[in-house]
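Peer 1: Take these sequences, add in the hints, and give me the full structure.
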Amino acid sequence: MITQLLNLIYDEGQRLWYYRWTFVMAATVVLCGAALYVLQLPDVYDAWAQVLVNKDTTLAAATQGVALAHPDDGNAVVVQKTLLSDQNLTPVIRQLDPAAATMNDAAMARAVARLKSRIHITSDGDDGFIEFHYADTDPVHARNVVRAVLNAFISGSVDRNKKALDDTATFLDQQIASYQTMLSDSQSKLTDFRKQHPGVSLLPNAAPLPLDTGDMGTTTITAPAAARAVAAPPAATASSERVAQLQAQIANLRTQYTDNYPDVVTARRQLEIAQAERSRELANAPAPTIASGPTQRRVVRVRRGPGFVAIAPDIQAQWQDLQRNDEVLHLNYEQLVARREATRMSLAMYSADGSNKYQVTRTPVVPPSPIGPNRGLYLVLGFLAAGAAGLGAAYLRGAMNGVFVSPRELEEAFRLPVIGTVSWEPAWDNGETRRVSRVPMIAGASLAVVLVLASVMAASISDVGRFGSTVLTNVASMLNQTRDR
Amino acid sequence: MHAKSPFLPTLVGTDPAAVSAANGGQVEKLETRGGELKTIGAVRTPHFDDSQTREEFRAIKRHLMTRIQAGRRRNDRNDPRTILVTSASPRDGKTTVSIGLAMSFMFERDCRVVLIDTDMRNPDLSRRMHLDGELGLLDFLENDEIEINDIVYPTSVRGVYAVPAGGPRVAAPELIASDRMRDLLNALHAGGEKHIVIVDSGSILSCSETVSLASHAGQILLVAAKGQTKRADIDEGLGILHRQSGPIDETRVVVVMNKTDHSQSPVRYSRR
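Taken in order, these protein sequences are the chains called W and C. Every letter in the first sequence is one number past the one before it in this note's numbering, and letter 150, counting from 1, is 150. Every letter in the second sequence is one number past the one before it in this note's numbering, and letter 4, counting from 1, is 4.
Everything labelled a hint here was simulated from the structure, so no lab data went into it. Glycine included, each C-beta is placed from N, C-alpha and C at the ideal position. Errors might be hidden in some of the hints.
[Said to hold, decoys possible] Among chain W residues calculated to face chain C with C-beta under 8 Å, some are: (1) Tyr18; (2) Ala111; (3) Ala399; (4) Asn401; (5) Gly402; (6) Phe404; (7) Leu416; (8) Pro417; (9) Thr421; (10) Val422; (11) Ser423; (12) Trp424; (13) Leu447.
[Claimed, not checked] Non-contacting residues of chain W with respect to chain C, defined by C-beta distances greater than 10 Å in every case (computed): (14) Gly33; (15) Ser85; (16) Thr191; (17) Ser406; (18) Arg415.
Peer 2: This is the structure:
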């Protein structure tokens with residue numbers, strides 16, 4: 001197997017050798033073409049700008065804890081996803097390209113995709129520095145693109161935050177209105193219940209009910225019913241407020257992000273901790289005493305004026321449920337109102353400080369030296385391509401001519417015995433015909449190489465000259481700016 | 001009939017100095033045993049003394065000798081001692097192979113080889129032997145007055161004779177296809193088991209004489225040059241031979257690959 005493979009490689013190598021001049025010609029042509037193409041490639045300039053997303057503005061510090069925070073401002077990924085959208089880039093194209101006015105949707109989509117692929121946004125860690133890069137053969141155009149993108153980023157970020165806050169405020173308003181309705185219903189229920197059961201007015205609000213096991217003026221109930229009746233309502237503790245606050249925060253975050261967003265996950269985790277803490281507090285709160293025993297009868301007595309009024313435990317439980325619901329609704333309502341105030345404060349902050357939040361630390365600039373193209377690499381690739389083209393041409397010609405390079409091939413092709421070989425002796429052939437026939441080919445190839453080398457040299461000189469003129473132009477521009485300053 | 005004459009002009013002596021001089025082109029004519037001053041065909045095959053080249057031709061000769069014996073046992077219609085050396089396209093090395101093969105046959109005991117140049121478009125064999133311009137095959141075939149001895153020339157190598165192509169004729173293919181050509185071949189074979197006739201012809205695709213000769217040849221030695229002869233040309237040439245000169249099979253046609261590398265040679269002799 002390996003021997004056959006080696007024989008095949010050897011035969012093919014020999015076949016290519018017979019068409020070495022084809023290889024040379026094809027490789028020369030391709031190499032010259034590639035060299036000319038590479039050398040005439042225009043220089044590419046990289047325009048860039050830098051912006052600092054300042055999370056610690058004075059107003060932000062002053063409103064800390066009151067206004068809503070946006071920790072994702074300055075994240076490169078977020079910026080890339082939000083900025084490089086068709087909605088944001090279309091105005092940039094319309095602003096920079098005069099032909100954009102006549103573009104149809106498909107052409108505009110292609111232009112947007114092209115622009116999107118050439119804009120690179122990088123972030124310098126967590127410091128909030130974001131760089132915008134755009135490479136183009138026209139340095140002025142590149143700078144204009146970066147400037148337009150920078151403006152779109154700043155205005156878009158402010159608008160986006162304002163819109164998010166507007167949406168949040170709208171959501172909170174809806175929730176508050178809903179809670180107002182529920183609170184009103186709850187109050188009505190409490191009033192009705194109090195009318196139906198006047199005795200409950202004497203009960204202390206949201207306090208553990210005193211339980212007694214006497215036999216004066218009692219109403220007998222079964223033990224399970226009593227257990228339900230004496231379930232104490234949750235107290236409005238700090239943990240409860242924390243739970244409500246986190247629930248509101250999650251609701252706010254969910255208006256912008258998915259459940260898998262890190263902040264949402266973090267908030268949920270904090271909510272679980274707060275809920276656990278609240279449960280722990282409720283468990284540690286003093287519980288009403290309940291007489292145990294399946295057959296024991298209990299009496300609940302409520303002091304009324306000078307004496308005690310007996311209230312049925314189930315009535316008492318219903319009353320406490322209503323009170324507890326009312327308190328929860330009231331607490332949530334107050335928190336929603338507080339969040340709405342925070343949202344309004346944030347809106348006011350963005351209106352007053354939104355632009356200051358984004359500081360342009362480096363205006364769009366174009367370095368005088370181009371960043372590309374990498375002509376050395378391209379020439380190496382061209383060299384490889386020329387070799388491949390030469391091999392391909394030689395192989396193709398060999399395949400088309402179908403010459404034989406080994407007795408084995410000859411025998412297999414015609415099924416006739418090859419009884420021997422005669423080694424090539426150059427002296428047997430006067431060679432005049434061959435040499436004469438090669439002269440035009442060699443002369444032509446040499447002439448082509450000379451012409452191409454001359455062209456390459458001319459292109460190189462032109463390239464150097466263009467580079468020099470670019471440098472001089474930039475130096476003159478810098479001198480003018482210095483003088484103006 | 002002239003074809004019945006088995007005698008070919010032989011040189012008076014085998015003086016190595018005279019032969020060497022003829023090889024160098026310094027001596028053009030030598031006296032034959034018949035008292036005739038005969039032009040000497042110069043046989044020059046550079047590097048034939050190279051051990052590997054000699055062995056390569058020896059291997060080919062052995063194959064041909066074996067096939068000659070087999071053909072004679074089979075009583076083939078055409079004498080297997082008539083070896084037509086041809087190729088599909090020009091410049092594949094037919095003349096070189098013919099001369100080298102003749103040189104190799106020369107080493108056989110009692111062997112006599114007659115080289116006939118039938119490449120009418122490029123009579124390279126006649127030129128190499130400095131016999132161009134002499135009476136040759138076409139003159140003999142056209143003119144009954146000319147005898148075999150008039151067109152067979154001794155060469156500087158003992159046992160090797162040459163028949164030049166002769167003057168160009170328009171009717172060369174028809175002359176070669178004539179019975180007189182067959183009679184000539186029979187006469188050259190007569191008198192010995194090892195009287196070999198090697199016919200150096202033109203390429204099949206360029207010379208119609210070759211097709212005519214193929215009908216006389218007992219063996220056809222097709223020369224294919226490595227890296228030069230195209231498969232399509234061989235296909236077409238074999239097709240022409242098959243259609244016009246009888247079936248082409250391995251009993252009649254063998255192939256020699258010319259212009260190969262020394263590494264491809266089955267002979268493993270080192271160069272001298």
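Peer 1: Take the hints in turn and mark each one as holding or not.
Peer 2: Checked hints:
1. Residue-level restraint check for tyrosine 18/W holds (minimum Cβ-Cβ distance to chain C is 4 Å; threshold 8 Å).
2. With a cut of 8 Å, the hint placing alanine 111/W at the interface with chain C is violated, because the nearest CB-to-CB distance is about 54 Å.
3. Against a cut-off of 8 Å between C-beta atoms, the interface hint on alanine 399/W is violated, since the closest Cβ of chain C lies about 10 Å away.
4. Look at asparagine 401/W: its Cβ gets to within about 5 Å of chain C, closer than 8 Å, so that hint holds up.
5. The beta carbon of glycine 402/W comes within 4 Å of a beta carbon in chain C, closer than 8 Å, and the hint placing it at the interface holds.
6. Against a cut-off of 8 Å between C-beta atoms, the interface hint on phenylalanine 404/W holds, since the closest Cβ of chain C lies about 6 Å away.
7. A distance limit of 8 Å between C-beta atoms decides the matter here; for leucine 416/W the minimum to chain C is near 5 Å, and the interface restraint holds.
8. Below 8 Å, beta-carbon pairs count as interface contacts, and proline 417/W has one with chain C at about 5 Å; its hint therefore holds.
9. Taking 8 Å as the C-beta contact cut-off toward chain C, the hint placing threonine 421/W at the interface holds, the least distance being around 4 Å.
10. Satisfaction of the interface hint for valine 422/W is found here, the shortest Cβ-Cβ separation to chain C being roughly 5 Å, below the 8 Å cut-off.
11. Interface hint at serine 423/W: satisfied, since its Cβ lies 5 Å from the closest Cβ of chain C, which is below the 8 Å cut-off.
12. Against a cut-off of 8 Å between C-beta atoms, the interface hint on tryptophan 424/W holds, since the closest Cβ of chain C lies about 4 Å away.
13. The restraint placing leucine 447/W at the interface with chain C is violated, with a minimum CB-CB distance near 27 Å, outside the 8 Å limit.
14. Distance to chain C confirms glycine 33/W as a non-interface residue, since its nearest Cβ pair spans about 29 Å, more than 10 Å.
15. Chain C leaves serine 85/W outside its interface by the beta-carbon criterion, the shortest separation being 62 Å against a cut-off of 10 Å.
16. Under the 10 Å C-beta cut-off, the non-interface status given to threonine 191/W relative to chain C holds; the minimum distance is some 110 Å.
17. Distance to chain C contradicts serine 406/W as a non-interface residue, since its nearest Cβ pair spans about 6 Å, not more than 10 Å.
18. Under the 10 Å C-beta cut-off, the non-interface status given to arginine 415/W relative to chain C is violated; the minimum distance is some 7 Å.
Checked against the numbered hints above, the structure breaks hints 2, 3, 13, 17 and 18 and satisfies the rest.
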